[in-house]
Amino acid sequence: MKGPASSWSAKLYKEMKKAGIRLCVSLPDSWLSDLIVRMEADPEMIHVPVSQEEEGMGVCCGAVAGGMRAALVVQNVGVMNSLGALATFPISYGIPFLLIISDRGRLGDQAFYDVEKGKNARALLAQIGIQHFDIPADFHARGTVPDAYGLAEAAQKPIALLITRETFGA
Amino acid sequence: MNQRDAFQTLAKYVRDELVVTGIGSQTQLWHSVFHRPGNFYLSGPMGLAVPVSLGLALARPKDRVIVVEGDGSLLMNLGALAAVAHHRPKNLLILIMDNECYDLTGIQPMVNQGRTDLQKIAQGMGIKETYEAGRKADLAQALQAAQGRKRPAFIWARLKPLGEKPPPFPYPPHETKYNFWQHIRGRDR
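These protein sequence lines are chains X and C, in that order. So that you can map any letter, position 94 of the first sequence is 94 in our numbering, and since no number is skipped, the others follow by simple counting. To get our numbering, take the position in the second sequence, counting from 1, and add 1000.
Don't take every hint at face value.
Mimicking DSBU-like on lysine-lysine, the simulated pairs with C-alpha atoms at most 35 Å apart in a straight line are [stated by the list, open to error]:
(1) X:Lys11 x C:Lys1090
(2) C:Lys1090 x X:Lys18
(3) C:Lys1136 x C:Lys1160
(4) C:Lys1150 x C:Lys1120
(5) C:Lys1128 x C:Lys1160
(6) C:Lys1090 x C:Lys1160
(7) X:Lys157 x C:Lys1160
(8) X:Lys14 x C:Lys1160
(9) C:Lys1136 x X:Lys157
(10) C:Lys1012 x C:Lys1090
(11) X:Lys17 x C:Lys1062
(12) C:Lys1062 x X:Lys14
The hints are simulated quantities; they were obtained by calculation from the structure and are not laboratory data.
Excised from the complex, chain X in its bound form:
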């Protein structure tokens, strides 16, 4: 785990633990690979790899219902894939957890397959009533992740934190 990616993801992972997150569900994205390695390697973390984002959202809701803080770590297309489930379960029931999302398809991304994700994901989150915040470069100093979990619990709703190029200083 070397290079800039390991530096910011190490800090982000530390902040996730500081927020009390003890179960992480993941589906890979290249921006998330180092974070996922850390989840898997940590004996204090329950890491649940899944094959579909909606399924992961269900696992998070079950963990939270059982009294454990949880995060779903996926690419922004995962939100688009899970809209119905997000609306009819954690929004409808009021179940707080964090969505930690790599926000692909924004300025700086050049891949054609990411364009629609970057164009739509934020608007869709807002449309179904999920507040979302960019993770700033100094998130570790600001306490962004624990703050976001606090807000999720106050709202009794999921909160989305978006990993952008600014997050890791690219």
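Using the hints, position chain C against chain X.
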């Protein structure tokens, strides 16, 4: 054995387990047969009962968790069985109610009608402890056998048509959550 018979058989077996029910007739019938504080009823999201039960079982390793899901819902998120097989929570029992149709919405045939062996699917996903139950006695036996296991179990209950409209489920989602969370907090005190 129809779905109500299966739930009545399950009710005789349940003690202090947390029971998660999938949307529609699973929630409606289980509520009418055995309403209790340890039930977590899903009434919105289709296909999520197994993933929810996995999260619950992992978060609460000292509690036994039973999930009751329909065949249509299971097929919606089959990958969840692979996640169960990966984590092998020994406190999780999956009970699939297979009537080969969408009974609640007018008995439309399921895509699996007469062809799909859900027990073999579970085995293929890596779940080793599996049972098939076509009669009440089979189900009672499977529930009993699964009790002392050291790994997750899967029961494929093969059902006849229900022949009745299940009573409606009365609680809105926030109330369902609140009741279950209060129960969980009470266990943790």
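How the hints compare with the structure:
As the CA atoms of Lys11 of chain X and Lys1090 of chain C are separated by approximately 34 Å, the hinted pair is consistent with the 35 Å bound. For the proposed pair Lys1090 of chain C and Lys18 of chain X, the alpha carbon gap of about 29 Å is at most 35 Å, so the pair holds. Restraint check: the Cα-Cα separation between Lys1136 of chain C and Lys1160 of chain C comes to about 12 Å, which is no more than 35 Å; the hinted pair holds. At most 35 Å may separate the alpha-carbon atoms for a hinted pair to count; Lys1150 of chain C and Lys1120 of chain C meet this at roughly 20 Å.
The straight-line distance between the Cα atoms of Lys1128 of chain C and Lys1160 of chain C is roughly 26 Å, inside the 35 Å bound, and the hint therefore holds. Of the pairs offered as hints, the one joining Lys1090 of chain C and Lys1160 of chain C holds, with about 30 Å between alpha carbons and a cut-off of 35 Å not exceeded. A threshold of 35 Å between alpha carbons decides the hint, and for Lys157 of chain X with Lys1160 of chain C the separation of about 40 Å lies outside it, so the pair is violated. Distance check on the hinted pair: Lys14 of chain X and Lys1160 of chain C sit about 52 Å apart at the alpha-carbon level, beyond 35 Å; violated.
Pair hint Lys1136 of chain C plus Lys157 of chain X does not hold up; C-alpha atoms about 41 Å apart against a cutoff of 35 Å. A distance of roughly 21 Å separates the Cα atoms of Lys1012 of chain C and Lys1090 of chain C; the hinted pair therefore holds under the 35 Å criterion. For the hint pairing Lys17 of chain X with Lys1062 of chain C, the CA-to-CA distance comes to about 23 Å; that is within 35 Å, so the pair holds. This hinted pair checks out: Lys1062 of chain C and Lys14 of chain X have alpha carbons roughly 27 Å apart, not beyond 35 Å.
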